[in-house]
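> Chain by chain, the residues:
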Amino acid sequence: DVTLFGHLDTSLDYTDVSGGGDDINMNCTTCSVGVKGSEDLGNGLKAMFKLDFQFDMTERNRASDGTNSITDRDQWLGLGGGFGSVKFGTISTGYKSTGAMIDPLYRTALQARGFGIQSGLHLGAGENGQGRMTNHVRYDSMNMGGFKAIVDYSFDSDDTDADNGDDTYALTGLYDNGPILAFASYITNDHGDEDSAWKLGGSYTMGSFKVFGQYEKDDGLLSSFAKPNTVDGGDVWHLGGTFTMGNNMLYLAYGEGDDNSNNAGEYDSWTLAATHSMSKRTMVYTGWNTTDMGGADADQFSVGIKHKF
Amino acid sequence: DVTLFGHLDTSLDYTDVSGGGDDINMNCTTCSVGVKGSEDLGNGLKAMFKLDFQFDMTERNRASDGTNSITDRDQWLGLGGGFGSVKFGTISTGYKSTGAMIDPLYRTALQARGFGIQSGLHLGAGENGQGRMTNHVRYDSMNMGGFKAIVDYSFDSDDTDADNGDDTYALTGLYDNGPILAFASYITNDHGDEDSAWKLGGSYTMGSFKVFGQYEKDDGLLSSFAKPNTVDGGDVWHLGGTFTMGNNMLYLAYGEGDDNSNNAGEYDSWTLAATHSMSKRTMVYTGWNTTDMGGADADQFSVGIKHKF
Amino acid sequence: DVTLFGHLDTSLDYTDVSGGGDDINMNCTTCSVGVKGSEDLGNGLKAMFKLDFQFDMTERNRASDGTNSITDRDQWLGLGGGFGSVKFGTISTGYKSTGAMIDPLYRTALQARGFGIQSGLHLGAGENGQGRMTNHVRYDSMNMGGFKAIVDYSFDSDDTDADNGDDTYALTGLYDNGPILAFASYITNDHGDEDSAWKLGGSYTMGSFKVFGQYEKDDGLLSSFAKPNTVDGGDVWHLGGTFTMGNNMLYLAYGEGDDNSNNAGEYDSWTLAATHSMSKRTMVYTGWNTTDMGGADADQFSVGIKHKF
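Chains as they are written, first to last, in my numbering: chain A, 1 to 309; chain B, 1 to 309; chain C, 1 to 309.
Among these hints, one or two may not hold up.
Claimed, not checked - So the derived list for chain C, only partly shown, Cβ under 8 Å to chain B, looks like this: (1) V35; (2) L41; (3) S157.
Stated by the list, open to error - Calculated from the model, a selection of chain B residues having no Cβ within reach of chain A, i.e. all distances over 10 Å: (4) V2; (5) T15; (6) D72; (7) S224; (8) T230; (9) H276; (10) W288.
To be verified - If you want a taste of the chain B side facing chain C, the calculated C-beta under 7 Å gives, among others: (11) I24; (12) M26; (13) M57; (14) E59; (15) N61; (16) T67; (17) I70; (18) F147; (19) M278; (20) S279; (21) T282.
Because the hints were derived from the structure by calculation, they are not lab data. Fair warning: this is a prediction, and the values are worked out from it, not measured in the lab. We treat Cβ as the ideally placed atom computed from N, Cα and C, and that holds for glycine.
Using the sequences provided together with the hints, build the complete structure.
This is the structure we're talking about:
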C-alpha cells in the first residue's frame with residue numbers, strides 16, 4: 001500500500017510596500033510531492049509512513065542557487081492501533097497542526113501564517129518549537145468521543161549540553177465533534193526563563209457560515225531560541241469567517257500581533273478572499289491582504305491555483 | 001491518474017582536446033525522474049501537472065560535492081481544454097522545445113546543443129531567456145490544422161527594478177503536419193539594446209530519410225543577460241539528416257556558430273552517429289563528433305545506452 | 001514495470017563516551033526511497049534500472065543546513081540476460097555488497113560497519129574504492145552452481161591525470177549454496193604503493209544458528225586515497241552469530257581493527273542485540289555495543305524500528 005501524493009500551488013502576487021517598490025511575482029506556496037503507505041501487522045496494529053519532500057515549482061531548486069535546495073517536510077515512520085499512533089522523525093507539532101485546521105486558505109498565497117496572524121510557531125523546522133519538529137516522537141491518542149490529545153517530544157541533538165534538560169515538548173488537546181472544533185496547546189523548549197507559548201482556538205460551523213479564531217500568548221519562545229531565553233514574547237490573535245455557496249467560498253479575517261510583551265512592533269492585518277473549487281482536488285482563488293505595521297502598509301493581491309493528488 | 005516517468009542515459013565518452021589531454025569518462029546526460037498526472041474537471045477542462053527532477057546517475061548528488069545537488073526540470077501546474085493549455089511554473093520555452101523536436105539524439109551524449117550547433121538558448125534555466133524558464137506562464141494554443149502557437153512569459157523576480165519592464169517573453173509558431181515540421185521563434189528579455197534572438201527551423205521526412213536544420217540569429221541575448229545588454233551576439237545554424245533501417249538509424253549533422261556578430265569565436269562541428277533501438281524505450285548508440293574552434297580541435301567518441309519509462 | 005521502494009529506520013540511541021558526555025539522540029540509518037523497474041527486450045534480454053535516493057527522516061535535509069542535502073545511493077541503468085548483468089552508474093562494489101550479506105543488522109543503528117568491525121570500504125561513495133562507487137561499470141556473472149563473480153570498474157573522472165592509470169577496479173568471487181555463503185574480494189585504486197585491500201568472509205547456517213565473519217587486510221587503501229599512497233593500512237575482522245526463535249533473533253558479534261599495519265589505533269568491539277519481526281517488512285530491535293579504543297570506551301544502547309516497502 002504505497003501511494004504518491006502531492007500539493008501544488010502557484011500564484012501571481014502583486015505586492016506593494018509603502019515607501020518601497022511594487023512588483024508582480026510568481027510564487028509557489030509549499031509545493032510538495034511524497035510517498036506514503038501502511039502495512040497491516042495484525043492484532044489491530046499497523047506500520048505507517050509518510051515521506052514528504054518540498055520544492056519550488058517556480059524557481060530553481062539547487063544548492064548553488066542560494067539555499068533553494070529540495071528539502072523535507074513531514075517524514076516519519078510510525079505504528080498505529082487502538083492506542084492511537086506514535087510516529088518518529090520530522091513531524092508537525094500539535095501546536096502547528098491545529099492552526100492548520102482552522103485556515104481554509106492553508107498552503108496558499110493567502111494563508112494566515114503568511115501574514116503573521118498565526119504566529120511563527122506555525123512555520124519553519126527545527127528542534128526548538130518550530131512548526132515542523134525534528135528528532136521528534138509524536139503521540140496522537142485515540143479518538144475519545146471527539147476528544148484527542150497530542151504529545152510532542154523532541155530529542156535535542158546538541159550533545160554539548162551537560163544536563164540534557166532542554167528537550168522540547170508540547171501538549172495539545174483537541175475536541176472535534178459536529179459543528180465544533182476547539183483546541184488548546186502548550187509548548188516549551190525548556191531553555192529556561194521565557195521559553196514557552198500557549199494558545200486557544202477553534203471553529204464553529206452554522207450551515208453555510210463558519211467562524212474561526214485563535215489566541216496565542218508567547219513568553220518569548222517565538223522571539224528567541226537562545227539559552228536561557230531572556231527575550232520577551234508577545235501575543236497574536238485572529239478571527240475570521242467563511243460563507244460557502246456551492247463550489248464557491250468567501251473568506252474574511254482580521255488579526256493582530258506584536259513582537260513582544262510591551263506591545264512594540266504591533267501590526268494588524270485584513271484578508272478578503274474568494275475561492276472556487278473546480279473539483280475536490282483543484283481550486284482557484286483570489287484575494288487581497290493589507291497589513292499595517294504601525295503606519296507602514298504592505299498590500300498583496302493574489303490570483304492562484306492549487307491542486308492536490 | 002498519477003504516473004512515474006523517467007529518462008536515463010549513461011555513456012562512456014572518450015574526449016581528446018588538441019593541446020590538452022585525452023580521457024575516458026562516464027557521463028549521464030540529463031537523467032531525470034518525475035511524477036505527472038491529470039484530473040478531468042468536466043466541461044472539456046482538465047488540471048495537469050508535471051514534476052521532473054534531475055540528478056546525475058554517475059556522480060554523487062549532494063550540495064557538499066560542488067554544485068551537484070538534485071535539481072529541478074520542468075515543474076508546472078496547468079489547465080488544458082479546447083483553448084489549448086496554460087501552465088505555471090518552471091517550463092521549457094517554445095524556443096527550446098522546438099529545438100528538441102528536430103534532434104534525434106536529444107538528451108544523449110551526442111545531442112546537438114552539447115556541441116554548440118543549437119545555441120545556449122536551448123540550455124540552462126532562469127528567467128532571462130534560458131531554455132528552461134522560471135516564474136513562467138506558458139500558453140500552448142490548440143492545434144489548428146497542424147499549426148500551433150506558443151507564448152512564453154516570465155515574471156521577473158528582481159523587485160529592485162523600478163520599471164518592471166524586463167519580464168522575458170517569447171513567441172513561437174509551429175507547423176507540424178505529415179512529413180513537414182516548421183517553426184519560427186522570437187525571444188527577448190526586454191533588457192534594452194541587444195536583448196533578443198530569433199530562429200527558423202524544421203524537418204522534412206521522405207520515407208527512410210529525414211533532413212532537419214535550424215538557423216538562429218542572436219542580437220546578444222545568448223552572450224549577456226546584463227541590463228542594458230550591450231554585448232553583440234552571433235548566429236548558430238546546423239543541418240543534418242538521418243537514414244532509418246528497421247531499428248537502426250544513421251545520423252550525420254554539420255553546424256557552425258560564432259560568439260558575436262563580428263564572427264570572432266567561430267567554430268564548426270561534425271557529428272556522425274548510429275543508434276539501435278532495443279525497444280521503444282531502450283536505445284543503444286555510438287558516435288563521433290569533431291569541433292574545430294579556429295584551429296583548436298575537440299574530438300569526442302561516445303558509446304551509450306538510453307532508457308525511458 | 002516501475003516500482004516505488006524504500007528503507008526506513010529510526011532509532012533512539014543512548015551514547016556514552018568515556019571522558020566525554022552522554023546523550024540520547026534520534027537517528028535515521030540510511031533512510032531511502034527510490035524507483036526501480038525493468039523492461040523485457042526479448043531474446044532473454046532485459047533493461048533494468050534502480051534509482052535510490054537517501055535522506056534523513058529525523059533531521060532537516062537541505063544544503064543550507066550543513067551538508068545534509070538529499071543525496072544519491074545506488075543509481076544505475078543496465079542490461080540483464082543469460083550472461084549475467086552489466087550496470088552503469090553509481091553502484092555498490094562487490095567488496096561492499098558481500099559485507100552487507102553477512103550482517104543481519106545491516107542498515108540499522110547497530111550495523112557492524114557502524115562500529116568499525118566492517119572496514120570503511122563498506123561505507124561512503126566515490127571513485128577510489130569507497131563502498132558505493134561512482135562512474136562505475138559493474139558486471140555480475142550468471143549463477144554457476146552457486147558461484148558468481150563480480151567485476152567492478154570505475155572510470156576516473158580526473159582528466160588532469162597524464163596516464164589514466166588509476167581507474168579503480170575490484171574482483172569478487174562469491175559462493176552461495178544452501179547453508180554456505182563464502183566470498184573473497186580484491187580492490188585497488190591503482191594509485192601506486194599501498195593502494196589495495198582484500199578480504200575473505202562468509203556465513204554458515206545450522207538450523208536456528210548462524211555464524212558469520214570476515215577478515216579484511218588492507219595495504220593502505222582504507223587510510224588514504226592520495227597518489228601515490230604511502231600510508232600504511234591495517235586489518236579488520238569480526239565474528240558473530242545469531243539464534244532465531246520464530247520472529248525473534250538474538251545477535252552477538254565481536255570484532256577488532258587497527259588503523260595501520262604497526263597496530264596503532266587498535267580497537268575491539270562487542271555487540272549484543274535482539275530483533276523482533278512484526279512482519280516480513282517491519283522489525284523492531286534493541287541492542288548494546290561497547291567499543292574499546294585502547295582504554296577509551298564508547299558505549300551505545302539503541303532501540304529502533306525498521307520498515308521496508
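> Work down the list of hints and note, for each, if the structure agrees.
Hint check results:
1. V35: holds (6 Å)
2. L41: Holds - the Cβ of L41 (chain C) comes within 8 Å of chain B, reaching about 5 Å at its closest.
3. S157: This interface hint holds because 5 Å falls under the 8 Å limit.
4. V2: violated (5 Å)
5. T15: holds (24 Å)
6. D72: violated (4 Å)
7. S224: Given that every Cβ of chain A is farther than 10 Å from that of S224 (chain B), nearest at about 19 Å, it holds.
8. T230: At roughly 25 Å from the nearest Cβ of chain A, T230 (chain B) sits farther out than 10 Å, so the non-interface label holds.
9. H276: At roughly 33 Å from the nearest Cβ of chain A, H276 (chain B) sits farther out than 10 Å, so the non-interface label holds.
10. W288: holds (32 Å)
11. I24: Check passed: Cβ of I24 (chain B) comes within 6 Å of chain C, closer than 7 Å.
12. M26: The hint holds - M26 (chain B) has a Cβ within 7 Å of chain C, the shortest such distance being about 4 Å.
13. M57: Because about 4 Å separates M57 (chain B) from the closest Cβ in chain C, which is inside the 7 Å limit, the hint holds.
14. E59: Because about 5 Å separates E59 (chain B) from the closest Cβ in chain C, which is inside the 7 Å limit, the hint holds.
15. N61: holds (4 Å)
16. T67: Interface hint status for T67 (chain B): violated (10 Å vs cutoff 7 Å).
17. I70: holds (6 Å)
18. F147: violated (36 Å)
19. M278: holds (5 Å)
20. S279: Constraint on S279 (chain B) satisfied, holds at 5 Å.
21. T282: holds (4 Å)
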